[in-house]
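A.B. asks: Line by line, the protein sequences are chains A and B.
With my numbering applied, the first sequence closes on residue 280, and no number is skipped along the way.
With my numbering applied, the second sequence closes on residue 280, and no number is skipped along the way.
Treat the hints with care, since some could be wrong.
No distinction is drawn between identical chains; accordingly, a pair holds when it is met within one copy or between any pair of copies.
Below, a list of computed lysine to aspartate or glutamate pairs in the DMTMM-like style, where the Cα atoms sit at most 20 Å apart [to be verified]:
#1 Lys-144 x Glu-86
#2 Lys-143 x Glu-86
#3 Lys-203 x Asp-254
#4 Lys-143 x Asp-259
I should point out that these hints are in silico values taken from the structure, not numbers from a laboratory.
For clarity, every value in this text was computed on a predicted model and none was experimentally measured.
Number of protein chains: 2
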Amino acid sequence: MDTTIDLPEGSAAKALDLSNIRFQLIRLEDTITFHLIERVQFPLNATIYKAGGVRVPYSTLSLFDWFLREQEHLHSLIRRYQSPDEYPFFPDVLQKPILQPINYPRVLHPNEININDKIKDLYIHTILPAACAHSEREERGEKKENFGSSVTCDVPTLQALSRRIHFGKYVAEAKFRSETERFVKLIKAKDVKGLDDAITDTKVENKVLDRLALKAKTYGTDPDIAQIDPGKINDIVIPLTKEVEIAYLLQRLDGTEWDEKEAERVDDKSGPYVAHVGVP
Amino acid sequence: MDTTIDLPEGSAAKALDLSNIRFQLIRLEDTITFHLIERVQFPLNATIYKAGGVRVPYSTLSLFDWFLREQEHLHSLIRRYQSPDEYPFFPDVLQKPILQPINYPRVLHPNEININDKIKDLYIHTILPAACAHSEREERGEKKENFGSSVTCDVPTLQALSRRIHFGKYVAEAKFRSETERFVKLIKAKDVKGLDDAITDTKVENKVLDRLALKAKTYGTDPDIAQIDPGKINDIVIPLTKEVEIAYLLQRLDGTEWDEKEAERVDDKSGPYVAHVGVP
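Use the sequences and the hints to build the structure in full.
C.D. replies: Right under this line is the structure:
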């Protein structure tokens, strides 16, 4: 049974502060836009995403998957995947970091939600072709000279997308804490539609879209650069973020005092949940 | 003796077209600005640049150098350092690429100019402290949680700076071809001051500075992000680019018909230099 959420130094409280979450999401949008502008300097180069498209010695992976996996291997050594907001695409390749571990304050309810396979698939087959579509370079066809450059840009773009989408867990946790009773009811009823409504803030979503449209316009003014279409990206990012939020919430009661399977084992002296959380 | 410059498919001619060079330089400025905005999300974290500052197993390097070296090892496998505009910081670590080699058209005169050590030093000790100086995060001091994130942002920033500065070779070659007689005279006289004057275009330099000021203002409008000071960056980038240009020009006659040591060995049937070059 697990209801304790440690808030040792205010950093966990900050992690769930909605204005801080919003700031992080805006930053991540910038990061995605920047990396995508870099990426579309090169043609789509679809071959690099196909297993066997480029022969990689001793590997059956596509060049892109091979490079992403190698990159995760290296990044794991400097502790990337110990950070609670980083999710690997190839968990099998992670190594013990060469750096000392860091004790991150526990903020999220324990969960194993990782939708990176889906994110990667949509990045390769929807986001990237849309971003490259209007590029002058695209018309010139594949360029072998840019195979390496392309995957080098792909990796940080995809990593930023993954962070942005999985950040939904923090959004969901913050919402859960601010309206605990409402969410407990919806989660117990497994009311996905009700959860979707409860986490949807149309005003905020429209703001996100407006902000992204303005940004891409500001950043991507060079006529030789493909216009990044933020609408296309957010048609994917927003639903995936919600998917993460709902999946997270559906697991949110597991092992807590609201978990019916666990209820009889609850130690009464642990007191009511809110006492631990300290929502401002 | 070497005077042949192949222009097989127009790509070499394009590489020396001044409007194309200018486009590439502007693109690289964007890349540098983007990556630096990402980097200053984190404090300076000076410890990561000091050998022994962070203990790296089986290595005497700083965490930053270790990561840069590992990154170059990986990037060499996907052919990064076969590209004529990429220069390694750790040439000893480069591997044979897993991808088939590409026959790049020869554009530059053979040379071994690589000022990456100097660029890295100025990046760590001048550019980075200036960029982080006004950051709110900086005031909070070092953050171990961001050591890995910092070096992950540093590598592409430094690589873009290196490409930008070594691009001076293309600028120099283009200028040499368009005013060959003038440059041959200056080079033969080893007239560094004269070469400096010949390659300096104050109007263009001021334009670069204006453009960068506008860009940093546009991109870095978030008050919580350190204002990247493009003046500070260009106080370093412009002189280093000129240093590359001059070093390149001083070697430009070696092994050509203008090389006095080689002159008597020239095969007369090879014809005059300009016949091979085809400057438009």
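A.B. asks: Next step is simple, just say for each hint if it's right about the structure.
C.D. replies: Here's how the hints hold up against the structure:
1. Lys-144 x Glu-86: between (31 Å within a copy, 16 Å between copies)
2. Lys-143 x Glu-86: Between copies, since 17 Å is at most 20 Å while 32 Å is not.
3. Lys-203 x Asp-254: neither (31 Å within a copy, 67 Å between copies)
4. Lys-143 x Asp-259: Answer is neither: 55 Å inside a copy and 37 Å across each miss the 20 Å cutoff.
Hints 3 and 4, counting from the list given before, are not met by this structure.
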